[in-house]
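Assemble the dimeric complex from its two separately framed chains, guided by the hints.
Chains as they are written, first to last, in this note's numbering: chain V, 1 to 107; chain U, 1 to 274.
Where hints are given, some of them may not hold.
What the hints assert, rightly or not - Cut-off 20 angstroms, straight-line C-alpha distance, at most; resulting in silico cross-link-like pairs (DMTMM-like, lysine to aspartate or glutamate):
(1) V:K44 - V:D23
(2) V:K63 - U:D216
(3) V:K85 - V:E61
(4) V:K85 - U:E239
(5) V:K41 - U:D211
(6) V:K63 - U:D211
(7) V:K74 - V:E107
(8) V:K64 - U:D216
(9) V:K29 - V:D53
(10) V:K63 - U:E239
(11) V:K101 - V:E61
To be verified - Listed next, with one range per pair, are the computed distances between beta-carbon atoms:
(12) U:W219 - V:P83: 48 to 58 angstroms
(13) U:A147 - V:D53: 24 to 34 angstroms
(14) V:K74 - U:V173: 15 to 25 angstroms
Everything labelled a hint here was simulated from the structure, so no lab data went into it.
A quick note: this is a predicted structure, and the numbers were derived from the prediction, not measured.
Ideal Cβ placement from N, Cα and C applies to all residues, glycine included.
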Amino acid sequence: MRRIILGLAAILVFAGATARADDLTLTLKDHHFTPAELKVKANKRVMITVVNDDVTPEEFESKKLKIEKIIPGKSKGIVRIGPLKPGRYPFVGEYHEDTAKGVVIAE
Amino acid sequence: MLGALVIVFREVIEAGLIIGIVLAATRGVAGRGRWVTFGVGGGVLGATIVAFFAGAISQAFAGAGQELFNASMLGLAMIMLMWHNVWMARHGREIAAEMRSVGTAVSEGVKPLTALAIVVGLAVLREGSEVVLFLYGIMASGTSGSALLVGGLLGIAAGAAFTALTYFGLLAVPTRYIFSVTGWLIALLAAGMASQAAQYLNNAGLMVALDRVVWDTSWMLSEGSIFGRMLHALIGYTERPTEMQLVVYIGTLLAMYVLMRIARYSPREREVAV
Numbered sequence: 001m002r003r004i005i006l007g008l009a010a011i012l013v014f015a016g017a018t019a020r021a022d023d024l025t026l027t028l029k030d031h032h033f034t035p036a037e038l039k040v041k042a043n044k045r046v047m048i049t050v051v052n053d054d055v056t057p058e059e060f061e062s063k064k065l066k067i068e069k070i071i072p073g074k075s076k077g078i079v080r081i082g083p084l085k086p087g088r089y090p091f092v093g094e095y096h097e098d099t100a101k102g103v104v105i106a107e
Numbered sequence: 001m002l003g004a005l006v007i008v009f010r011e012v013i014e015a016g017l018i019i020g021i022v023l024a025a026t027r028g029v030a031g032r033g034r035w036v037t038f039g040v041g042g043g044v045l046g047a048t049i050v051a052f053f054a055g056a057i058s059q060a061f062a063g064a065g066q067e068l069f070n071a072s073m074l075g076l077a078m079i080m081l082m083w084h085n086v087w088m089a090r091h092g093r094e095i096a097a098e099m100r101s102v103g104t105a106v107s108e109g110v111k112p113l114t115a116l117a118i119v120v121g122l123a124v125l126r127e128g129s130e131v132v133l134f135l136y137g138i139m140a141s142g143t144s145g146s147a148l149l150v151g152g153l154l155g156i157a158a159g160a161a162f163t164a165l166t167y168f169g170l171l172a173v174p175t176r177y178i179f180s181v182t183g184w185l186i187a188l189l190a191a192g193m194a195s196q197a198a199q200y201l202n203n204a205g206l207m208v209a210l211d212r213v214v215w216d217t218s219w220m221l222s223e224g225s226i227f228g229r230m231l232h233a234l235i236g237y238t239e240r241p242t243e244m245q246l247v248v249y250i251g252t253l254l255a256m257y258v259l260m261r262i263a264r265y266s267p268r269e270r271e272v273a274v
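Pulled out of the complex, with its shape left as it was, chain U reads as follows (with noise of 0.2 angstroms):
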C-alpha cells in the first residue's frame, strides 16, 4: 500500500506544485476558483482519454508517439506561461495598485485566467494519464488489489495536501512582492518545461544535436527521490542535462525577459503612466 502510495504521490507532485503556484499567481482574482476548477476537471477527464488511448499514442510516428505528445503538451504550457508572465509584466502593477485600493478582489475577465487553466489543465493531464494507467494496473492485476487501490487514492490525497502546501506557502508572501515571486517561479516552470521537452523530442529521434551530457549530480539529489521530483517540477532539476537542455533553458529564460521588458516599455503603458 505505501509503495503505491509513494508512486502515485511522486507523479501527482508536479501537477500539485504547478496549481498551488498557479493559485497564489491569480489571488485576488474573481472567477479564478472556477477556472482552476475548470482546468483540474479537463486534466483528469484528458489523463482518462490519453491512458484510455496509450497504446495508439505509443505506436504513432514511427513509436515515437509519446515523446512527441509529450514534448507538445510541454511546449503548449511552456508558450501559455510566457504569455501570462508577458501579460502581467504589462497589467501587473495596475491590478497590485487595484488590490490595495479594493481590497483583494479585482473584477473577472482582468486577467488571462484561460492561460492559467490551460496550464493546470496540461499538467494535470499529463501526470494524471499515468496514475490512471497505474491504477488501472492494479485493477486489472486483480485480488491484491484494493489495498494498493487505496495507497494510490491516499497519493492523490498527499499531492492535494501538497497542492494546498505550496499554495499557503506562497500566499505568506506579502501582497507587494506576490506578483514578483509568482512571476519568477513561472519563468522558471516555463524554462524547466521547455529543457524537458527538447529531451523529448531528443527521444523521439529528433533534435539529437548536443546530446552530450554536462555533468551529473545525481550523487547529490536524486532526481528520483520526492525533493528531486519537486525541484525537477520547479525549476526543471535534471541531474544529467545535455548541451541541448542547457541551451533551451537559458534562451527560454532570455526569450521570456526580453518579451517582459518589450511588453512592460509599450508606448501604451507609458501614456497610462502620464
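The shape of chain V in the complex, shown without the other chains (with noise of 0.2 angstroms):
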C-alpha cells in the first residue's frame, strides 16, 4: 500500500515537473483574469497555474475545457486541460461570471 502511494506520488511529481516547461499562468485580481487571451499549443496536455490574488474564493469553470475547480482566496491552483483541437475555449470564475473571464485559445 506504501509502495503504491509512493508510486502515485512519484507521479503526480513527474507530472508537474514535466509540465512546468511551458509555464502558463492565469491570474485572479479584483475577479478579473489576466491575460483575458491564453494561447496554448493544440493538441498537447496543458498545465495552467491559476493565481487567485483575490481575497475571495472562486470557481475556475469550463464547460469545454471540462474543468471545474475551486481556487480559495490568496491560494492558487493547477488546472490541466488537453489534449485539444485549435480553437476558442471560453473560461469564467463561476462566482463572478459578469467580469471574471477569458478565453484559452489552443492553436
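Shown next as C-alpha cells:
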C-alpha cells in the first residue's frame, strides 16, 4: 500500500515537473483574469497555474475545457487541460461570471 | 441577490435530487427520516470542514488534491448506490410484499439505510463545500454582502423545495413500481457519478487514455443551464463526453446489471421462493 502511494506521488510529482516547462499562469485580481486570452499549443496536454489574488474564493469553470475547480482566496490551483483541437475555449470564474471571464486559444 | 440565489441553487440541485430519490427509494422503511437527517447533517458538517481545508486539499498531490478528493467521493457514493441496488435485487420483493401486507412501515434495520445515508452525506458534502466557500466569499468581501447572503440562503431554500418536489413527484408512482423506478434512477445516478469521477481523474493527470471528446451537444442543452444541471445530476448528462467517460458509464450500468442478476438468482433466494 505504502509503495503504491509513493508510486502515485512520484507519478504526480513527475507530471508536475514535466509541465513546468511551458509555464502558463492566469492571475485573478479584482475578479478579472489576466491575461484574458491565453494561447496554448493544440493537441498537447497543458498545465495552467491559476493564481487567485483576491481574498474571495473562486470556481474556475469551463464546460468546453471540462474543468471545474475551486481556487480559495489568496491561493493558487493547477488546472490540467487538453489535448485540445485548435479553437477557442471560454472559461469563467463561476462566482463572478460578469467580470471573471477569459478564453484559452489552442493553436 | 438573484445572481447569488441562482449560483447557490445550481450547486444544491444535485444534492437535492439525490436526497429526493433516496427518500423515495426508502419509502415505507421505519427510521429512514433519522438516517437521511443524519446523512444531511454529516454532509453539512463535512462540507464546512472541507471548505475550511480547501486550500490544503487543493495543494495536495502536486495540485491534484481536489480532483482526487472529488473522484474518491464520487467513487464511494457510486459503490454505495450499487450495493443498495444489489441488495434490493435480492430483498426488494419481500419488502414490497411486506409493505402491502402490513401497510407502509417495514421493520427497522431491514434495509441497509447506512449505504443511502452515506450517499446523501457525500452529495451534500461535495456540493455543500462549494456553497460554503461561495457564502464565505460573500462575507469576506464585506459591505455589499448582506443582500447577496440573503440570495444565497434563498438558493438553499429553493434547493430544499426542489428536493420536496422530487420526492412528492416520485411518490405519485404506484407502490408496485416504486422500487423498479428508484432502482433505475439509482443505476443511472451511479453511472453518471462514475463517468464524472473518470473525468476528475483525467483532470488530475491520471487515467488520461481515451480522452477524445466524442460528441458535443452544447448547442442543444447547455450543461450550465438549470435543466442541464438537473440532467447532469440525474443521468450524468455531459455536453462533451470523452471516450473514457462513455466507457465508464456503460461499464457501470453493465456491472450493476450483472451483479443484480447474480443477487436475484442466488440459491438462497430460490429456497425462500420454494
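The hints, checked one at a time:
A threshold of 20 angstroms between alpha carbons decides the hint, and for K44 of chain V with D23 of chain V the separation of about 14 angstroms falls inside it, so the pair holds. This hinted pair checks out: K63 of chain V and D216 of chain U have alpha carbons roughly 11 angstroms apart, not beyond 20 angstroms. With a C-alpha separation of about 19 angstroms, the suggested pairing of K85 of chain V with E61 of chain V holds against the 20 angstroms cut-off. The suggested pairing of K85 of chain V with E239 of chain U holds, with an alpha-carbon distance near 16 angstroms, which does not exceed 20 angstroms.
Restraint check: the Cα-Cα separation between K41 of chain V and D211 of chain U comes to about 17 angstroms, which is no more than 20 angstroms; the hinted pair holds. Proximity of K63 of chain V to D211 of chain U is assessed by CA-CA distance (about 15 angstroms); at most 20 angstroms being required, the pair is judged to hold. Our distance criterion of 20 angstroms between C-alpha atoms is broken by K74 of chain V and E107 of chain V, whose separation comes to about 31 angstroms. Using a Cα cut-off of 20 angstroms, the hinted pair K64 of chain V and D216 of chain U holds, with the two alpha carbons roughly 9 angstroms apart.
Simply put, K29 of chain V and D53 of chain V have alpha-carbon atoms about 5 angstroms apart, close enough for the 20 angstroms limit, and the pair holds. For the proposed pair K63 of chain V and E239 of chain U, the alpha carbon gap of about 8 angstroms is at most 20 angstroms, so the pair holds. For the hint linking K101 of chain V to E61 of chain V, the alpha-carbon distance of about 9 angstroms falls within 20 angstroms, and the restraint holds. Against the hinted window of 48 to 58 angstroms, the Cβ-Cβ separation of W219 of chain U and P83 of chain V comes to about 23 angstroms, which falls outside the hint.
Between A147 of chain U and D53 of chain V the CB atoms are about 25 angstroms apart, so this pair conforms to the stated range of 24 to 34 angstroms. The beta-carbon spacing between K74 of chain V and V173 of chain U, approximately 49 angstroms, falls outside the hinted interval of 15 to 25 angstroms.
Violated hints, listed in ascending order, are 7, 12 and 14; each of the other numbered hints is respected by the structure.
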